[in-house]
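Asker: Single-letter residue listing:
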Amino acid sequence: MEKKLWKGNEAVVEAAVRGGCNFFAGYPITPSTEALEYLSWRLPEVGGVFVQAENEIASINMVTGASVCGARALTATSGPGGSLKCEGLSYASRNAVPFVLLNVQRWGTGLGTLDSGQTDYFKETKGGGHGDYRNIVFAPASMQELVDMAYEAWDVAEKYRVVVTILSEAYLGQMMESVEMPEFKKPAERDWALDGTGKKGIGAYSRAIRGGDGTKVLGQTYETIKEEMQRWEEYGLEDADYVVVGFGLPGRISMEAVHKLREEGYKVGMIRPKLVWPYPVKAFEKVNPNVKGFISIESSDFGQMVEDVALAAKKTKRNAPVYLYAHGKGVPGVSTVAEFCKSVMNGEEKEVF
Amino acid sequence: MVKKLPEGLKSHQLCPGCGHGIILRLLDECFEELGIADNKIVALGVGCSCNANGILGGDDFQCAHGRAAAVATGMKLTRPNVCIVSYQGDGDAYVIGLNETLNAAYRNENITVITVNNANFAMTGGQMSWTTLPNQKTTTSVYGRNCDATGAPIHVPEIIANNFDVAYVARASVNDVKHINQAKKMIKEALTAQMNGEGYSLVEFLSGCPTNWHMTPAQANKHIEEAVIPEYPVGVFKERKAQ
Numbered sequence: 001m002e003k004k005l006w007k008g009n010e011a012v013v014e015a016a017v018r019g020g021c022n023f024f025a026g027y028p029i030t031p032s033t034e035a036l037e038y039l040s041w042r043l044p045e046v047g048g049v050f051v052q053a054e055n056e057i058a059s060i061n062m063v064t065g066a067s068v069c070g071a072r073a074l075t076a077t078s079g080p081g082g083s084l085k086c087e088g089l090s091y092a093s094r095n096a097v098p099f100v101l102l103n104v105q106r107w108g109t110g111l112g113t114l115d116s117g118q119t120d121y122f123k124e125t126k127g128g129g130h131g132d133y134r135n136i137v138f139a140p141a142s143m144q145e146l147v148d149m150a151y152e153a154w155d156v157a158e159k160y161r162v163v164v165t166i167l168s169e170a171y172l173g174q175m176m177e178s179v180e181m182p183e184f185k186k187p188a189e190r191d192w193a194l195d196g197t198g199k200k201g202i203g204a205y206s207r208a209i210r211g212g213d214g215t216k217v218l219g220q221t222y223e224t225i226k227e228e229m230q231r232w233e234e235y236g237l238e239d240a241d242y243v244v245v246g247f248g249l250p251g252r253i254s255m256e257a258v259h260k261l262r263e264e265g266y267k268v269g270m271i272r273p274k275l276v277w278p279y280p281v282k283a284f285e286k287v288n289p290n291v292k293g294f295i296s297i298e299s300s301d302f303g304q305m306v307e308d309v310a311l312a313a314k315k316t317k318r319n320a321p322v323y324l325y326a327h328g329k330g331v332p333g334v335s336t337v338a339e340f341c342k343s344v345m346n347g348e349e350k351e352v353f
Numbered sequence: 001m002v003k004k005l006p007e008g009l010k011s012h013q014l015c016p017g018c019g020h021g022i023i024l025r026l027l028d029e030c031f032e033e034l035g036i037a038d039n040k041i042v043a044l045g046v047g048c049s050c051n052a053n054g055i056l057g058g059d060d061f062q063c064a065h066g067r068a069a070a071v072a073t074g075m076k077l078t079r080p081n082v083c084i085v086s087y088q089g090d091g092d093a094y095v096i097g098l099n100e101t102l103n104a105a106y107r108n109e110n111i112t113v114i115t116v117n118n119a120n121f122a123m124t125g126g127q128m129s130w131t132t133l134p135n136q137k138t139t140t141s142v143y144g145r146n147c148d149a150t151g152a153p154i155h156v157p158e159i160i161a162n163n164f165d166v167a168y169v170a171r172a173s174v175n176d177v178k179h180i181n182q183a184k185k186m187i188k189e190a191l192t193a194q195m196n197g198e199g200y201s202l203v204e205f206l207s208g209c210p211t212n213w214h215m216t217p218a219q220a221n222k223h224i225e226e227a228v229i230p231e232y233p234v235g236v237f238k239e240r241k242a243q
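Chains A and B, in that order, give the protein sequences.
Everything in the first sequence is counted per the numbering used here, starting at 1 for the first residue and increasing by one.
Everything in the second sequence is counted per the numbering used here, starting at 1 for the first residue and increasing by one.
Keep in mind that the hints were calculated from the coordinates and are not lab data.
Keep in mind that a hint or two might mislead.
What the hints assert, rightly or not - List of simulated lysine-lysine pairs, DSBU-like, C-alpha gap at most 30 Å:
{"no.": "1", "chain 1": "A", "residue 1": "Lys199", "chain 2": "B", "residue 2": "Lys185"}
{"no.": "2", "chain 1": "B", "residue 1": "Lys188", "chain 2": "A", "residue 2": "Lys200"}
{"no.": "3", "chain 1": "A", "residue 1": "Lys199", "chain 2": "B", "residue 2": "Lys184"}
As the list claims (entries may be wrong) - From chain A, some residues computed to sit far from chain B (all C-beta separations above 10 Å):
{"no.": "4", "residue": "Thr113"}
{"no.": "5", "residue": "Lys123"}
{"no.": "6", "residue": "Gly211"}
{"no.": "7", "residue": "Asn290"}
Where is the CB? At the ideal position from N, CA and C, for every residue including glycine.
Next up, chain B with everything else stripped away, as it sits in the complex (with noise of 0.2 Å):
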């Protein structure tokens, strides 16, 4: 149920088929829906998480590439009532900006992060990323990424909720309607955790990236299902605790 359409949504800059998109409006819409919409900022990470400047309503401030998570650090803690959400893709968030955002999380910054994994840096044209698939083709592994030499897939939901101390942790994806109800009821969940002041919380999602995955967006919705949950599985790797 959209009750506000964000002005930029009209004229945005996405690719045909990519989550950032629906992402950026199930955010907006939680926003609303929680009676925060004037009472937040987003710190935007660098890549097609870029996009999100002008699309989201509201405050936001585009950080440098992977820092996003140590801004939103300086923000709360500056308006510890404001809600302070992070807007990364996984190169800003799990590659570069690894340490930042490890480092949050080992504090348990009271903060929401939200990651878009595409499996790929996108924004520049399709290189490999920490969380490209196994065997998969990028600009950069031009003959499947041979994880023997790059290192395997990274999971940093995983790694987050098995070992620091933070509120709440999950895995969405935006590739079906079934996934996209889960997916807003987790935004709602690692907000409501924030606004509580139960602590750190990251929501990854799990987004087509067509252009760069040379598949249509259907294709690319499919290849979700088929090859990229069962690498990245969709769920909540740390609950809230009990209320």
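Only chain A is shown next, with the shape it has when bound in the complex (with noise of 0.2 Å):
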């Protein structure tokens, strides 16, 4: 199909109409908002429904109750905005209400800056909200992966009737690139969703989450998510001295960074995950045992996604030092990426695991 230009927010936002999206809910957020924006006149245009609410508290509980009714239901935000749906996150969780968060992250603690970032790694992939639970948590690099991360997120949410987190950042959404936008797919009739006749209610499996064996039953299916969700993007793992770890923007900048590397001999490798939860351990499995670091490359502050690193070389017995490069607010250029990790090799760097 013919390829064409589009901006990040927008293009993620038509994708999830594509596939289905058809209620959305929220609140004006930079660097998030387009998506806000084009869903107000896209949604009532194609049959959907659109409400500016009056915070995001109330989005995300309109899209509970949205999605509690058969709705493919969305709501998007930002940094500050995103601490608000917490409560809506844990509550649909406890309930199995299946629905999307498109985070379009910015950069930083309380009011931040609206630059772009990766500082709410652990607040999407740890819960966020009271209690335990996940959320299976995409992690796009690109506005392609934008686009199919969002068409697929709804087919996702329902079969593991878990809530699915987009964590776009604020450059991804910014930026245009050209993609191919899939065509428009007709969502399978929920058997369980309230119709008001009394007779389906929320469903058997929400009820078993509730229900006394309810820890074991919510345990089960992330174990099946921790199997079947394993995605990621490699390169040159095999005989790797030193493997990149990144994701998103910073992800696709460190694989350009490590393919440098390579061509002036370093023996460096890179995983790149597609997802960041569940977090790709079966891709260590297939890094050189010999290896002798792994750097994770990451717009944080101090290091978040860091800890997953030295936990998944941990589990797959690559017992190797773990370095962390946190470039803060903005995305890492390809020379500083480059240039991190010969110092890494050089023996310039202290480990952080």
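Bring the two chains, given one by one in their own frames, into a single complex with the hints.
Answerer: Dropping the structure here:
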């Protein structure tokens, strides 16, 4: 199919609509606002529902109500708005309500800034709200991945009855790239959604979670997801002395840096997780057993994903030091990543794990 | 006239003299008599209103504290032909959920909000609510509510009726037969308004809370007549437009 130039925040929600999204509630916040603006006219155009809510708490609760009644519902936010969504995420997990959250990450704690960043990694992958739950978290690194992941998101959410998060980034949402936009698909009718008759309820699975054995039921689901949703892009793992790990835009940049380092003769490999929960532990099984170190490249301040890199290395018995390059706000350049890797290989960096 | 006894009413967890039991029974009767018993979803608040879970027949959904009006909004927009009702206490709808409550009314969402005002946070053991009467003793206003420090009792039905373009707003009481009969008519007006697509409707119920008021059920009903209704007048604040 023909490729067209799209802006990230618009491409992702157009793909969502084509994937069956028919309900959106949200609140303006930079850098995710274009998603709200685009859907305000696009959803009514295709027979869907758009609500500009009073805040992020109300909007995620509207999305919950819509989803339990059978809609393919979406909400979008950034930074501080994401904190407000956490209550809703916890309740959705408790009730097995599948919807999609688009988090166009902006950098920082508190108000932060409008710059790009990856500082919401912990919040999205480790739960965020109260209780013990997980969301499936897609980590797109290009416009096409953003589109493909949004298009697939509800299929996955409904299959496992969990919330799916699309962990975008400010720069990804604001930049333009050419993409192939998929055709409209018709989602299967939900056999469990509330319809007022009192006969369907929100389903046996939801009741099982809320019942006496709920933790076990949810735990089994999470184990299944961990097994079935391992996705990553890799390069040169078999003979790598050092393996760079990065997701999203820093991951994409790092892949370029790794190729450059290879050309210069360094034995460097790369793992770019396409999902950050579940974490692609299986990718680490392919790493050279004699690897000398892992290098996490991320746009956090103090290191977030680096902890999962260390755990995956331990799990796969790659007993090597784990180094961190925490870029903070923005996205590191190719030479910055390459220089940091060289500095690690020269023994000038101290490992964090 | 009860045609069908709701299953849960045989073993509910409500305190003796609590108004919730009467209100839930009235609601179920109205659903049945209006022919929407199998065409309705109730979005439940958190607090003593949680007890409705399993008492009311048919579809319901347990919402987060205060968010029922937002959940109901999403439900109604997804299932416009199904009657969507939120069932919340005063703490849920008027304190933590005041934002959701007022904004749903502001947008004139076509939902019905049922609130139960017992002038305290009952489920957590009787703390002060925005509806607590002046000088009323609660576990967080042990010398009596000092309105200079806490604000005065909040009148949400009046706020909504006087400020927003909604379909129907009323306050009911269930402390005696006369009020109970009047309350049932109000519920029917509210539900009918929604089913006719007229817009937002809200009915607040004044309920006794003998446990946290430290009264017998009979004393609580008398207290409603003598102290609560003078602060919170029973009546219709927004009539439905001429049909």
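Asker: Please go over all the hints and tell whether each is borne out by the structure.
Answerer: Evaluated hints:
no.: 1; hint: A:Lys199 with B:Lys185; verdict: holds (28 Å)
no.: 2; hint: B:Lys188 with A:Lys200; verdict: holds (26 Å)
no.: 3; hint: A:Lys199 with B:Lys184; verdict: holds (26 Å)
no.: 4; hint: Thr113; verdict: holds (27 Å)
no.: 5; hint: Lys123; verdict: holds (18 Å)
no.: 6; hint: Gly211; verdict: holds (13 Å)
no.: 7; hint: Asn290; verdict: holds (51 Å)
Comparing the model with each earlier hint shows no violations; every hint is respected.
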